[in-house]
Amino acid sequence: MKGNISGKIILQDGTVFHGHILNNFKATGEVVFNTGMTGYQEILTDPSYCNQIVTLTYPLIGNYGIAKRFMQSRKSFVNGFIIGELCREGSSCHMMDELADFLKEQGIPCLYDVDTRAVTRKIRSAGTMKGIIVPADADEAEIKELMAVPIEKEVVAKVTIPEAYEIPGEGPHVAVLDFGIKQNILGSLSRIGCRLTVLPASTTADEVLAMKPDGIFLSNGPGDPKDVPEIIENIKKLIAADKENNLPIFGICLGHQLLSLALGADTYKLKFGHRGSNQPVKNLLTGKVQISSQNHGYAVDDKSLDGLPMEVTHINVNDGTVEGMRHKELPIYSVQYHPEASPGPDDNVYLFEQFRDMLTKGYRW
Amino acid sequence: MPKKEYLKKVMVIGSGPIIIGQAAEFDYAGSQACRALKEEGLEVVLVNSNPATIMTDTHIADRVYIEPLTPEFLEEIIAKERPNGLLATLGGQAGLNLAVQLAERGVLEKYECELLGTPLMAVKKAEDRELFKETMQKLGEPIPESAIVEDVASAVNFANEIGYPIIVRPAYTMGGTGGGIADNEEELTDIVIKGLKYSMIGQVLIERSVAGWKEIEYEVMRDGNDNCITICNMENLDPVGVHTGDSIVVAPSQTLTDSEYQMLRSASIRIIRELGIEGGCNAQYALDPNSERYYVIEVNPRVSRSSALASKATGYPIAKVSAKIAIGYTLDEITNAVTQKTKACFEPALDYCVVKFPRWPFDKFVYADHTLGTQMKATGEVMSIDRSFEGALLKAVRSLEIGVHRLQMDFMADWDWETIKTRLTQINDERIFVIAEAFRRGIACVDEIHKITKIDKWFLRKIKSITDVENLLEQMPLTDDLLRRAKDVGLADRSIAEITEKSVNEIRQQRKAAGILPCYKMVDTCAAEFEAATPYYYSTFHAEEDEVQTSDARKVIVLGSGPIRIGQGVEFDYCSVHSVWALREMGIEAIIINNNPETVSTDFDISDRLYFEPLTAEDVLNIVDKEKPEGVIVQFGGQTAINLAASLEAAGVKVFGTSVDDIDRAEDRERFDEVLTETNIPRPQGASVTTVQEAFDAAARIGYPCMVRPSYVLGGRAMEIVYNEAELKDYMGRAVKVTPDHPVLVDRYMEGTEVEVDAISDGVDVVIPGIMEHVERAGVHSGDSIAVYPPQTLSSKVIFTIIDYTKRLAINLHVKGLLNIQFVVVNDEVYIIEVNPRSSRTVPFLSKITDVKMVNVATRVAMGESLASQGYKSGLVDFRPYVAVKAPVFSFAKMTDVDIALGPEMKSTGEVMGIDYHYARALYKAMLGAGMNIPVHGCILITVADKDKEEMKQLAKAFYDIGFNLVATEGTAKAIGTMGINAQIVGKVHQRSADIIQMIKQGRINLVINTLSQGKHSANDGFKIRRATVEHGIACLTSLDTAWEVLRVLTFMRERRLVYSLAVQDYVGGGDDLA
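Read top to bottom, the protein sequences are chains A and B. The working numbering puts the last residue of the first sequence at 365; the count rises by one with no breaks. The working numbering puts the last residue of the second sequence at 11075; the count rises by one with no breaks.
Just so you know, the hints here were simulated from the structure itself, not pulled from any lab data. Built from N, CA and C at the ideal position, the CB exists for glycine as well.
In the DSS-like style, the derived pairs of lysine-lysine whose C-alpha atoms are separated by at most 27 Å in a straight line are:
1) A:K288 x B:K10004
2) A:K303 x B:K10341
3) A:K68 x B:K10454
4) A:K271 x B:K10343
5) A:K288 x B:K10138
6) A:K288 x B:K10343
7) A:K288 x B:K10003
8) B:K10341 x A:K269
9) B:K10341 x A:K288
10) B:K10343 x A:K303
11) B:K11001 x B:K11024
12) B:K10343 x A:K269
Over the 12 Å line for every Cβ pair with chain A, so calculated as not near, a few chain B residues:
13) E10145
14) A10211
15) D10410
16) N10428
17) K10512
18) D10664
19) L10745
20) R10777
21) E10951
Rough simulated footprint, nothing fancy, chain A against chain B, three-plus residues with beta-carbon under 8 Å:
22) 10248 to 10256
23) 10262 to 10275
24) 10341 to 10347
25) 10383 to 10392
26) 10448 to 10460
27) 10527 to 10536
Just chain A, same shape as in the assembly:
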């Protein structure tokens, strides 16, 4: 079509998929896919996708534009966006901006008109890998250069807030460690009545404890949990202190992985991760299954939990991977998935309600 610039995504193994490139923004990143059918804005602004090129399997994107209230972070941290059809004129009463304008304004490289199913099938069979978005006529040197750009490891530092701040609330005071937190986790904690102090990822355990919070929250975030050993050390201290102060600690996603590493368990990289709004999670305590929103490329190794004072509470129905755990003695629990949804189903709000009961009613298992 007129005005469309041909572009392509080249994967590390040389596979090429074609499309059109928006604004001629180029990208290097880890190519992943998300199977959610709605929520492109929430996905784009979820800091956990920092450094990644996100492929959406649903082919019609941008239909309802962009609205401020769906932002999950102050900005988008994705490195690139690969989609099928890019809707230029969205239609929704909530819409404030077109997706294309948002992508431009946020400087997000986007390849559209792509056979995203083909990309997904490739990633599914070959595993997550590095890829670049370039114009179709990019020369060899440019391709080489982009492909050589290393995938950044300091991602948590990049996405966490620089300064602590408070979100007022009537209820218990929760110290929230922001490793790249999604807006709706803060919203969910607020909705259960918490007063929140949101802290940069680098905040030390002593600083956290000095605030005398009623509970601690470990957020989601991007990257390999093993890339942030100093945070793991901090969490170790928080756990140690918990033996005395018995504070409820709740972790989600990266928070869950960091917690497990701090407890001495291990994490590993999944072949292509879990990203979507339809992942079934079985609660082993109740025998029930809930549908969850997920976005993670790493998982906790269930065998590594053997011998630790931890109990697996949730597993993924599809592949049996660990989706949740709790401490056998301390009020510490975490889940790999996203009970705050946004995007995705809100079947798992009960995990926040449990946190509220732990904070206010002294609930313990």
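The hints should help you fit chain B onto chain A, whose structure is shown.
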């Protein structure tokens, strides 16, 4: 083994005949459920009155009862079979209503039969308006302000409180029968009166109308452990106000934010939990386009039409999983049949766009009111899949088989802007075409049309993007780039050819040379996240990777029959499925192409590969290019598939079975005349005419009455009997456009007994599994006649002549497979009416009652096996000792303004079967199953045409003799008087004195016998009487032949036990082992 280990035997209730609002989707659901139950080692008892279904095959259930779906018959079967479980949530509203009745009558308790799946209370909470309202209020789910009323006055009072427009919905009906939207008191009164009549419990709900809001649906599943998932959500392109069955629907929703999507998803889960449903459920919402406000409109506590659509749209087998849940499994214990790795407890992710388009019967009911509202009018639907909405929409349009291939209807070309503007405000089957016409001409912008139609701008822009490309095609040379753009928006080669004034072949050549080819993608429930085993594909031009794994094995394509419509129902899907099974049995890979989401043939585990695609030459040829099959089988997909034979052969595709040339010899009037001359078989005198004058001349020569119709028809479209030149003139001007290319056939109308034969031939031998005699004399379309097997009145001479003629025709036409012949017998002479060189609508019926696997045998013949090698001898298969009666079923209650009088135009939407050792009881079962309300005593209104008066006198006396009172118009009463009987005289409708209509309305008439009379007044009177019987649920017999058979039943009823059942297996012996 079921999780509920005490279950040994389960009864499944089917949904009965195809009617508007309840189509083939329940054959699909029921068959899937039966198979799922059998898989668990359960003994399955199936009851359904509809013989044209896969589910009533003897290999689907251990005990198959083709019996009327009434509580009495079901009780009889339960008493006999003693199932300890009853599964009723897969038989549509009909099945569910029966389950409620059986429970309330204490039948289930008496025979210790557990209602499986959704508990009775859940059904009541969802269906009883008051309980539903209470339940929703308890949950805090918003529902529009409403009131339940049982009389008109309360309805009017409530409307005055909340204001118009008001929606009226009767309680306990399906397809919105008797509902509507009222803008004022007069309309409200009208609709409420009707609604009260149709409601099983005499209640209607009246509520605030949210017309214009977005209509959104969710399909939800819940198991006994309270696990809940949503399978799919769907957005109606048509805003609230049009019944969802009449709406263009897209899946998943396109204009909902994640927040809105999840808000309604959560509501659906809260609702299914609160209702305690175990299995599938459907929830419908109205969503305010200007806020996040929503209302719950409706909840169906069962597998529904939308569930079938959601199943096909996602690949998730809702019916199968529902059945497993009913016997105690939880979602996380059931394997996802698609991936065979993951579990059924997940939510499907789509990576394509699905469009459902309704198929309306307005091509048959030209004079019916085309307005779409709360009462469903579509008989069927098509579904299409693509990576773009435009592509899916246009695929759907060309799947409809309504003579259009894009959003363009020729006759709109003459409309001026004022006309278009007016038409845009009318909500009917043509609206989307009018919208496209407005865009095409550039006379309206998206905003304007949105203002008028309230259709979301997203959809409107998509339609516009199609017409924009059409305009480019018109203005610019067809470069490869432009061609690519045209394919990108989904335009068919044929449409591109039409606009650019080139031939389809030229376009196809250019396209292939430019490498613009479709890719085939898989429907896998998981957006490619997991490897899937389903061989279920769709095409798209929006892709660079084709993922079909074709094989080098022997393979054959079977063409399906497209949407359910009058004249082409579920029977043809039955045939396609059996053909696929036969091929697989022969070790040949069977590939099916079809576009109907309601069918068994589009279930992903029926064929080796399923292509969910339009049935047009281009779409089929693209698949042929991809698959390179040995050939294509067209004879089982009804006229849809037959119509493609010539173009496929022209493109070099081998057509198995009867050759394209021989098909033409049977279908082309003049060539068929030659066949008859060669075989020396008589037919009613006739002629093919190409001008109006020729028609007059021919009729004068042949003599009136004449049967007139256009050539190449399906289901007797635009066929009429004319009694004089005036009527012929009227017909030629109104019903057809006669041109040299489209001749009109004028035949002598012979009033005799109609006989129908289905036969299989291999060119050498001709096997005739059975002969059926029609109750109604020739002149009533064969699809609307009651058919009886074996014939009851034919002489041996006639039967032998029929066998002889059948053989001669089959051999002369070199039939390789099935053929269907209709004869008329006059004074023991046999004449031929028509030959269809393909499977017919009676094939499933005949296969079932004769136990000849007709489609299997015919498929083998088409593939080259002789009849002899299959163990068949030429000739008529011995008649069975029982009688089977096939009766038509109509959907007149849904189609106001349609004349119910039987004639040469087919009007029925479905059929039922009655089988018994007594002819009269078989007849009774068929009539009962067809929903005919036969009174045992009371008052019969007789008003017949003059030509029928002699015969009517005998009939009247016979009814009088068994105790009926007679009411007649003056002339008829006088005639009856000559028999020494007094009939009460009633004034004609237009005379307004002691009006017939009044008597019907007051419930003083229990049965009406009315034959079509000529003349303006009486024709109009007759129409009003007949419609009144429909609105008031009274049987109306428009053929004296039917009346005689009703009399036979009534006489029998006095002496015999009526409710008596045997399984099909008991009649025909043994099940087959096809599956």
